[in-house]
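Hey, can you work out the whole structure from these sequences and the hints?
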Amino acid sequence: MGMHGHLTFLLLSLYAPGIFVTATVLPDLPRVVALSEDTVPGSRVAEVTVSCSNSSSSPNVTLDSIEPSHPFNSIAISSDPTDATTFRAEVTLRAGAELDARQVNQYTLILRAACPGEGEVEERLFVQVTAGHVFRCDSPFASAEGDVVQVLADVAPRTPLYAVLPQPLGGLTFRLRNRNTPLTLTRRGLVLAPDNGFDPSKDTQTFRLEIEVMDRHGHNCSGAVRVEVLPSHRPRVTFPEPHRAVSVTEGIGPREVVTQVHARGDNVRYAILAPVAPTLFTIDEVTGEIRSTRRLQVTRAHLLIRAYNALHPDDHATATVNITVQGTNCQAPRCVPAIFVSQVPETVSPGSTLVTLRCTDSTSTDGCLHYALEGPPSSRSHFCMEGPQLKVNTSLDYDSETMAALGFQFTATIVVTVGGQPLQSTRVPVLVTVTPVNEFRPACPSSATFTVPETAAFNSVVGRVAGTDRDYPLDSLEYSLEGGSGPAQPFSIDRRTGEIRVVGPLDSQQQKSYRLVVQLTDTHNDLDPRKRQSRVCDVSVRLQAVLDQLPVCIPEVQELRITAGSPGSRQPVTRLACHGSPDSSVLTYTIVGGNEDGRFRLEGNTLIYLPSGRTSPHPFVLLVEVWAGSGARRRSSVVALVVHVTPRSTPVPPSTTTQHTTLQKEPLVVLQTEAVWHPPAWFVAVLTISGALLLATLGCIGRNLLCSNWAPGKLFLAQSSWDVVEHSRGKEEQGNQHASSPGQFDGHAQDPGSGRDYLFHSVSGARRWI
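Numbered according to mature numbering (1 follows the signal peptide of the UniProt record, and there is no 0), the sequence shown spans residues -23 to -1, 1 to 747.
Please keep in mind that the hints were generated in silico from the structure rather than gathered at the bench. Warning: the hint list may mix true and false statements.
[What the hints assert, rightly or not] Simulated restraints, written as ranges between beta carbons of each label pair:
| no. | residue 1 | residue 2 | range |
| --- | --- | --- | --- |
| 1 | Asn173 | Gly19 | 42 to 50 Å |
| 2 | Ser116 | Asn157 | 51 to 59 Å |
| 3 | Thr445 | Ala251 | 53 to 61 Å |
| 4 | Gly384 | Pro327 | 18 to 26 Å |
| 5 | Thr158 | Arg277 | 21 to 29 Å |
| 6 | Ala381 | Gly230 | 58 to 66 Å |
| 7 | Thr330 | Pro252 | 25 to 33 Å |
| 8 | Pro354 | Thr215 | 28 to 36 Å |
Each residue gets a CB set at the ideal place from its N, CA and C atoms; glycine is no exception.
Listed below in structure tokens is the structure:
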């Protein structure tokens, strides 16, 4: 069609209205709208202008959102009063909408608008959700001390006392953190008085309430309020005498004053609560006078009187009045039983009834009878009368010194009085004996550990188990050892006193301590002797080790000479003087060496010789062990005894010159222990002397050799070999007599050639001919 044709078509299109469709216009979009998360549901979010080409009808505007669940209502269309072709589309929050900027902070809304006969247009509206204002509670509610409110104790129940927020906003939740309060917190943040009001009889009362306030977005604040309840300045209505008994004689006429009640308080008024419809008595509302309604006969009436504040009816009090109308011809009552004797256990509970008297008089039953208890103060304090019943007033504790001082008995008299003129009474004697009850178990002592030396003698006191028992008589106990006494438990216990004594040997090295199980059983604490209680106590006995001294003997080495008696006799030789530690046991003596032929015997510390038929002198070297203790604690010493036994008749050689050598006694100490062997001093001395004898023997042998070299042929011709041997032995014996000491020989033997006896030293080999 060419360029000219296209321009012509465009001009026709522009100037030919109604032929082509004109699009609807949303001039306000796109745009961004800010919305606070605190916005109330139903509020307007944005208003959008919709422009149409004609004003025939309202446009169709729809709302869509990229977010699947948006909190907005459908578009509401309204016309513009100034321009018929302009309309307003309103976007609002739907009911129940809750905005939370932390979850969704922007909504993208798509608005599609189409006017009648025009094309549809689409634009976007961006709604940004902003965080709401910070939620805070006001002071002084939010302070650490909290707000304070003071009220009077007589405030009416459920009276509002405090409002957390003066003008509470919508969507707030109030929660009470502490539950230990009688006050009430409502859903609107009001603190109410208790349902039954405050107790006006108490002094100043304080209640603290910790309250948390939260909005619908989860923002919260907390605070506290302290409610101080002050005593009411208005006096409460009270009866000084809440219980009153009145006795009058029969024959009183109508409208006569029988008695009068009085209550304290302001604007006091009186009324009879019971009986609901009184027939015999009435009360003056102002004065409290109780009057008769008709002539009275013998009867008994119970009235419940109420006094109240006329301006505050909730302030009230009650009292009871017992009116007894007595006859004029009453006689002394007769009671069953006429005397009351009883035994009661100490565990009887207060309020228990001991006896109910059945008393009557000539004119009535018990309607005009009065019961009173007379006697010592102790009886009146422990017992009381409630009508015809004798009851226990306080606990009858048998386990006390006060009860023991009374002899566990109470005496009293019940006085029964009948009304009328004159008064008649009957007296009923009462004797109550309190019996014991085994209530408590024995108690173990706080400390039950004893220490005893291991050398304690038989029947020595180790300690005393001081058990206790609260039942009377106090600490009446019997003691016993479980398992009894024996090798494993060398102790016994006194049945009455609890003293533990030693009845067996003690050794700290075998057992350092003993655990004793002591049973405590109470006695004489119950009327029934079979009702006994017991307790088991652990007692520890520690053994104290005692270091024993070695036995000491004076002297430690003895040389003795005796003449043998007749064979078969007993010949005392000596008595050993030994002693051990002061607290050790008896010493024991044993021959441990030198008694091969059994001619010696020890009887205690006495050495006994049993003579034989030997005709030649004979020395004996005896080793005696002296020891104390037993087992691992055994300590011992050794004593050396050299005994020269001379027969009753000893032949003396005619040409022999006997040279007597005085033996020198040396103080020697012999020690013996089991763990380590220490050579005794006497052994060292014997070894030294043996060495000297060996040197002397070698010198003698050298001299003999020199003599034999000078005349060997003559010597061997003149003497036989036996003479040479005998000569050598004589010299050896003579040399030994000069050089030996009594403590050097520890053995005895007989020469097989000559038959002579000699002593020898087992280490050095030295000999001494006897």
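Hints versus structure:
1. Asn173 / Gly19: 42 to 50 Å: holds, 43 Å
2. Ser116 / Asn157: 51 to 59 Å: violated, 25 Å
3. Thr445 / Ala251: 53 to 61 Å: holds, 56 Å
4. Gly384 / Pro327: 18 to 26 Å: holds, 22 Å
5. Thr158 / Arg277: 21 to 29 Å: violated, 48 Å
6. Ala381 / Gly230: 58 to 66 Å: Cβ of Ala381 to Cβ of Gly230: about 59 Å, so the range 58 to 66 Å holds.
7. Thr330 / Pro252: 25 to 33 Å: holds, 28 Å
8. Pro354 / Thr215: 28 to 36 Å: holds, 30 Å
In this structure, the hints that do not hold are numbers 2, 5, in rising order.
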